Amino acid sequence: MNPDLTEREFAPTPAYLVGREKVREFARAVLATSPLHHDPAAAQAAGYADVVAPPTFPIVIAEATLQQLLAEPDAGIDFSRVVHGDQRFTYTRPIVAGDELTATLRVTSIKTLGGNSMVASESTMVDADGAHVVTSVSTLVVRGDDS
Amino acid sequence: MSLAENLGLEVGQVVAEQTFALSRDTLVRYAGASGDFNPIHYRDDVAATVGLPGVLAHGMLTMGVAVQPVVDWLDGRGWVSDYQVRFTRPVVVDPQSGAEVTVTATVGVIDDAGARIDLTAVYEGQTVLGKAQVRISAH
Numbered sequence: 001m002n003p004d005l006t007e008r009e010f011a012p013t014p015a016y017l018v019g020r021e022k023v024r025e026f027a028r029a030v031l032a033t034s035p036l037h038h039d040p041a042a043a044q045a046a047g048y049a050d051v052v053a054p055p056t057f058p059i060v061i062a063e064a065t066l067q068q069l070l071a072e073p074d075a076g077i078d079f080s081r082v083v084h085g086d087q088r089f090t091y092t093r094p095i096v097a098g099d100e101l102t103a104t105l106r107v108t109s110i111k112t113l114g115g116n117s118m119v120a121s122e123s124t125m126v127d128a129d130g131a132h133v134v135t136s137v138s139t140l141v142v143r144g145d146d147s
Numbered sequence: 148m149s150l151a152e153n154l155g156l157e158v159g160q161v162v163a164e165q166t167f168a169l170s171r172d173t174l175v176r177y178a179g180a181s182g183d184f185n186p187i188h189y190r191d192d193v194a195a196t197v198g199l200p201g202v203l204a205h206g207m208l209t210m211g212v213a214v215q216p217v218v219d220w221l222d223g224r225g226w227v228s229d230y231q232v233r234f235t236r237p238v239v240v241d242p243q244s245g246a247e248v249t250v251t252a253t254v255g256v257i258d259d260a261g262a263r264i265d266l267t268a269v270y271e272g273q274t275v276l277g278k279a280q281v282r283i284s285a286h
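Protein chains in written order, with the numbering used here: chain Y, 1 to 147; chain F, 148 to 286.
One or more of the hints may lead you astray.
20 Å max Cα-Cα, derived DMTMM-like pairs, lysine to aspartate or glutamate [claimed, not checked]:
#1 K22(Y) <-> D39(Y)
#2 K22(Y) <-> D183(F)
#3 K111(Y) <-> D4(Y)
#4 K278(F) <-> E122(Y)
#5 K22(Y) <-> D172(F)
#6 K22(Y) <-> D4(Y)
#7 K278(F) <-> D229(F)
#8 K22(Y) <-> E100(Y)
#9 K278(F) <-> D258(F)
Worth flagging that the hints you see were computed from the coordinates, not collected in a lab.
No experiment lies behind these values; they were computed from the predicted model shown.
Take these sequences, add in the hints, and give me the full structure.
Take a look at the structure:
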């Protein structure tokens, strides 16, 4: 792992348009049956413009920032040795279908522990008005050759 | 009235408990929906090559499933404003029998902002998530 990645700022990702069918597809994939995720009328009755994304939906958008990190020429990350260490989502408001979200990645720390590297990063996601929606914070563990 | 008062919450109260059956089909569906196509989640040969005990559920699948009992219980009376987990043990999904994960959601903290719901997720008698905390807030 290259420690120079720490505090490196990445370019914002292209805007991700949250589609109603994508929300439904993701909800089915995490076995989420709440009508808020599937039925626009139920979501509107609860005060939302359209179906509400499940709490872990931002990982779909964070995937684009992960690709940025893996593609960094000097990162030296072998994806087959990557394990997810921890994950957190901190919201200002729920994501609903129709949102256009842009994510900006920042690597916050890189630590080496017993041959493994721990890469901590955060992706800040804002809507089309530039208002904060959610921040995804995660640690990836890159396992060393002997572990 | 606070959210906790509205919902009649007490610290230590179990608000939801549910068992989820994960199969290889579940993993393939999650790979497609999430965009995480790491082959350790669907190929036994690749999993074996990198030293894993078998094909694993995506950590994010376990995290995503584990919060659903809270969402169902809330039923729009509040919302999940923060959610965090540590991935402490892998969930090995057998090609034939799959895997079962049992989630229990307990009230951990009550405060002015809402409440913290603590999750346990158990697979084969052991917890697979650590510090699994859901912050619920009023609208």
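Requested in this report: For the pair supplied as a hint, K278(F) and D258(F), confirm whether the alpha-carbon distance does not exceed 20 Å.
Outcome: Holds, because 19 Å separates the two Cα atoms, which is no more than 20 Å.
Query raised in the report: Between K22(Y) and E100(Y), is the straight-line Cα distance small enough, at 20 Å or below?
Result: holds, 13 Å
Query raised in the report: Is it true that the CA of K278(F) sits at most 20 Å from the CA of E122(Y)?
Result: holds, 19 Å
Report task. Mind checking the alpha carbons of K111(Y) and D4(Y) for me, to see if they're no more than 20 Å apart? Result -> holds, 12 Å
**Report entry** Pairwise hint evaluation, D172(F) against K22(Y), where the allowed Cα distance is 20 Å at most
**Finding:** holds, 18 Å
Query raised in the report: Taking only the CA atoms, is the gap from K278(F) to D229(F) under or equal to 20 Å?
Result: Given pair K278(F), D229(F) holds - Cα atoms ~13 Å apart, limit 20 Å.
Query raised in the report: Has the given pair, K22(Y) with D39(Y), been kept, meaning a C-alpha gap of at most 20 Å?
Result: Answer holds: K22(Y) to D39(Y) is near 13 Å, not above 20 Å.
Requested in this report: Verify the proposed pairing of K22(Y) with D4(Y), using a straight-line Cα cut of 20 Å.
Outcome: violated, 36 Å
Query - Hint consistency between K22(Y) and D183(F) [alpha-carbon to alpha-carbon, up to 20 Å] - result: Measuring from Cα to Cα gives roughly 15 Å; hence the hint holds.
The earlier numbered hint that this structure contradicts is number 6, and it is the only one.
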